[in-house]
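A.B. asks: Take a look at the letters that make up each chain.
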Amino acid sequence: MARESAAAAAETTPAAAFNTSASVPGIVSSLAREYTANTPQRLKVIDTYMVFCVAVGIVQFVYCGLVGTFPYNAFLAGFGSAVACFVFAANLRMKTNPKNRAQFP
Amino acid sequence: MRLLPSLGICLALGGAWLKAVEAKSATGDRVLVLVPTTESAKQYTYFLGTLETRGFDISVRAASNSSVALHLDGERLYDHAILLSPAAKKFGSDLTAHNFIRFVDDGGNLLVAASSELSDFHRKLGAQFGVEFEKRGSRAIDHVSHLSENGSDDHSVVAAHRFFGVPAVLPSTFGGNNPGTVLYKGIAHKYEAKNPLLVPVLVGSTTTYSGNAATGGDSDNKALSPMDTPLSGKALGLVSVFQTRSNARVAFSGSTELFSDSLMKKHGSSNTQFVTEVSKWVLQEKSVLRETGHRHHLLSTGEKPEYYRIGNEMVYEIDLSVYRDDAWHPYVANDVQFEAIMLDPYVRLTLNRTLPTDSKSPLATYRGDIKLPDRYGTFTFRVNYKRTGYSNVDVKDTVAIWPLRHDEYPRFLTAAYPYYTSSFVMIIGFLALSTAWLWNAEPKAKTNVKDEGKTKTKTKTKQSATSKPKPN
Chain A
1 MARESAAAAA ETTPAAAFNT SASVPGIVSS LAREYTANTP QRLKVIDTYM VFCVAVGIVQ
61 FVYCGLVGTF PYNAFLAGFG SAVACFVFAA NLRMKTNPKN RAQFP
Chain B
106 MRLLPSLGIC LALGGAWLKA VEAKSATGDR VLVLVPTTES AKQYTYFLGT LETRGFDISV
166 RAASNSSVAL HLDGERLYDH AILLSPAAKK FGSDLTAHNF IRFVDDGGNL LVAASSELSD
226 FHRKLGAQFG VEFEKRGSRA IDHVSHLSEN GSDDHSVVAA HRFFGVPAVL PSTFGGNNPG
286 TVLYKGIAHK YEAKNPLLVP VLVGSTTTYS GNAATGGDSD NKALSPMDTP LSGKALGLVS
346 VFQTRSNARV AFSGSTELFS DSLMKKHGSS NTQFVTEVSK WVLQEKSVLR ETGHRHHLLS
406 TGEKPEYYRI GNEMVYEIDL SVYRDDAWHP YVANDVQFEA IMLDPYVRLT LNRTLPTDSK
466 SPLATYRGDI KLPDRYGTFT FRVNYKRTGY SNVDVKDTVA IWPLRHDEYP RFLTAAYPYY
526 TSSFVMIIGF LALSTAWLWN AEPKAKTNVK DEGKTKTKTK TKQSATSKPK PN
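Those protein sequences? They're chains A and B, same order as listed. Using my numbering, the final residue of the first sequence is 105, and nothing's skipped along the way. Using my numbering, the final residue of the second sequence is 577, and nothing's skipped along the way.
By construction, these hints were calculated from the structure, which means they are not laboratory data. Treat the hints loosely; a few may be bogus.
[Claimed, not checked] Which chain B residues stay away from chain A? Per the calculated CB distances, all over 12 angstroms, these:
| hint | residue |
| --- | --- |
| 1 | S145 |
| 2 | A192 |
| 3 | L509 |
| 4 | A521 |
| 5 | V530 |
| 6 | G534 |
[Unchecked claim] Across the chosen pairs, the derived CB separations fall in these ranges:
| hint | chain 1 | residue 1 | chain 2 | residue 2 | range |
| --- | --- | --- | --- | --- | --- |
| 7 | A | V28 | B | R480 | 53 to 61 angstroms |
| 8 | A | V28 | B | P508 | 56 to 64 angstroms |
| 9 | B | P410 | A | N91 | 49 to 57 angstroms |
| 10 | B | L454 | A | L66 | 33 to 41 angstroms |
| 11 | B | P515 | A | K99 | 48 to 56 angstroms |
| 12 | A | A55 | B | P515 | 26 to 34 angstroms |
| 13 | B | S539 | A | P25 | 30 to 38 angstroms |
| 14 | B | V420 | A | A55 | 48 to 56 angstroms |
| 15 | A | V28 | B | F535 | 25 to 33 angstroms |
| 16 | B | F535 | A | F104 | 18 to 26 angstroms |
| 17 | B | D499 | A | L66 | 45 to 53 angstroms |
| 18 | B | P515 | A | G80 | 20 to 28 angstroms |
| 19 | A | K44 | B | R480 | 36 to 44 angstroms |
Where is the CB? At the ideal position from N, CA and C, for every residue including glycine.
Could you put together the complete structure from these sequences and hints?
C.D. replies: Right, dumping it as structure tokens:
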């Protein structure tokens with residue numbers, strides 16, 4: 001019973017992805033559902049890391065906006081390292097996404 | 106014949122050298138007094154007598170004496186000169202106006218007394234210092250406050266009681282509620298008010314004017330009409346003093362009778378005190394400032410480095426003394442300023458007096474804690490103290506301020522701590538990502554068995570674990 005409902009859920013989730021509901025909350029919730037269901041865990045780890053990098057970068061940017069650019073080099077170093085880590089994580093994600101196996105043998 | 110005066114001069118020099126140890130004046134005690142004739146010096150016996158008791162070595166010479174010289178081989182022969190012969194058209198061969206100016210430039214002090222019959226020599230001499238004497242033949246006249254005794258009124262003997270307030274020259278007892286009365290018979294002068302070095306000491310009161318004594322009219326012997334504006338009131342100077350930048354002092358008085366015994370002995374006149382105070386100031390017996398030493402060093406180590414660094418904290422100290430009553434006393438003021446200059450002053454600070462450790466010390470130490478500016482270069486530490494009536498003190502020190510070496514800057518700036526922490530956090534995050542990536546235990550079955558819980562995944566992985574060795 002649970003299996004059937006789960007199978008049904010599995011069968012219905014691809015259909016739910018193609019649900020033509022045009023409301024924004026509907027799109028967001030279906031995106032979230034599709035994401036949590038279909039993404040491998042490794043990619044999710046990278047995604048968490050990327051969110052963390054973005055957060056750190058935003059914190060530094062806001063701090064610089066408030067306090068001013070006095071130690072400008074320090075700001076560039078911190079912000080640049082956050083952005084660079086984000087970019088490298090994105091590259092790793094692209095490379096290891098099973099859906100891109102055709103391009104990255 | 107010329108040997109005798111020169112021998113006399115040599116003896117006087119030798120005697121002056123011996124006597125210099127006990128000189129009352131801060132700059133020396135050789136005084137040259139020039140009078141019309143040596144007999145006329147008798148009317149100044151009281152004044153000259155007080156000078157002698159104050160320790161001066163007085164040489165009285167006649168104005169026409171051609172052997173009197175102010176300089177010998179480039180050195181001054183006298184330290185002070187008092188001119189009491191206003192009518193002399195020229196003095197000795199060596200006593201030109203130019204030589205008197207040179208005498209003052211070399212540090213000699215001058216006391217010039219004029220009268221209604223003053224000569225062009227005195228007029229030219231006064232003009233060099235901004236003092237314009239009135240026309241020859243005119244006098245300072247006052248119909249209200251003048252000498253009146255025994256029924257005889259002499260309106261040309263002015264009882265002047267308006268003193269200019271310079272406490273360094275005249276003590277405040279002369280001003281205030283009970284000003285003294287100085288009996289003055291002579292010519293008035295205009296003093297250049299814009300000149301900061303020239304200070305009037307005794308000026309005319311509201312009823313004093315400069316006019317012709319015979320008629321009481323103006324100096325052209327015409328009766329005064331309402332359209333005339335003779336010199337009068339506060340603009341009419343009777344006694345003015347001048348201090349040069351080289352600390353030589355010159356005093357101009359339009360009256361020789363001011364110094365005479367007759368006016369000094371009159372009842373109610375404070376001529377004696379006035380003349381004493383003014384002569385004390387001119388002959389450098391009071392209000393003479395001196396800097397005895399200055400030092401600067403780092404605040405932290407207390408030692409004077411070869412060069413300073415930008416932003417260093419340092420301490421500057423200077424010792425000042427003032428000469429009065431025959432001795433050097435600590436000079437107390439609250440406006441001694443220190444400047445650090447490189448073309449423009451970067452730092453200007455008022456120095457405070459440190460508490461004296463020794464109450465008998467003749468100097469006052471002024472100290473300032475200075476933070477050097479952020480500029481590097483060659484700076485001048487300067488204390489430039491110029492006040493009316495006091496000697497000038499100008500003390501300069503050239504120092505180098507070096508920029509910081511590359512390893513002398515602060516290692517971590519407090520404003521940048523968020524950036525430092527974010528860098529280290531990124532490092533830790535990358536290590537966490539690596540561990541998560543490498544030792545990732547991915548649930549094999551995806552969304553199908555998610556609701557079944559972990560047991561199924563555990564069994565599945567166990568199965569896959571057991572099944573794994575097979576392909577190997």
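A.B. asks: Give a verdict on every hint.
C.D. replies: Hints versus structure:
1. S145: Check passes; 81 angstroms lies beyond 12 angstroms.
2. A192: holds (78 angstroms)
3. L509: Non-interface label on L509 (chain B) holds, nearest chain A Cβ at 16 angstroms vs cutoff 12 angstroms.
4. A521: violated (4 angstroms)
5. V530: violated (6 angstroms)
6. G534: violated (6 angstroms)
7. A:V28 - B:R480: 53 to 61 angstroms: At roughly 59 angstroms between Cβ atoms, R480 (chain B) and V28 (chain A) fall inside 53 to 61 angstroms, so the hint holds.
8. A:V28 - B:P508: 56 to 64 angstroms: holds (58 angstroms)
9. B:P410 - A:N91: 49 to 57 angstroms: holds (55 angstroms)
10. B:L454 - A:L66: 33 to 41 angstroms: holds (35 angstroms)
11. B:P515 - A:K99: 48 to 56 angstroms: 51 angstroms Cβ-Cβ, so the 48 to 56 angstroms window holds.
12. A:A55 - B:P515: 26 to 34 angstroms: holds (29 angstroms)
13. B:S539 - A:P25: 30 to 38 angstroms: holds (37 angstroms)
14. B:V420 - A:A55: 48 to 56 angstroms: For V420 (chain B) and A55 (chain A) the Cβ distance comes to about 50 angstroms; the hint holds.
15. A:V28 - B:F535: 25 to 33 angstroms: Between V28 (chain A) and F535 (chain B), where Cβ atoms are some 30 angstroms apart, the hint holds.
16. B:F535 - A:F104: 18 to 26 angstroms: For F535 (chain B) and F104 (chain A) the Cβ distance comes to about 22 angstroms; the hint holds.
17. B:D499 - A:L66: 45 to 53 angstroms: holds (50 angstroms)
18. B:P515 - A:G80: 20 to 28 angstroms: For G80 (chain A) against P515 (chain B), whose Cβ atoms are near 22 angstroms apart, the range 20 to 28 angstroms holds.
19. A:K44 - B:R480: 36 to 44 angstroms: violated (57 angstroms)
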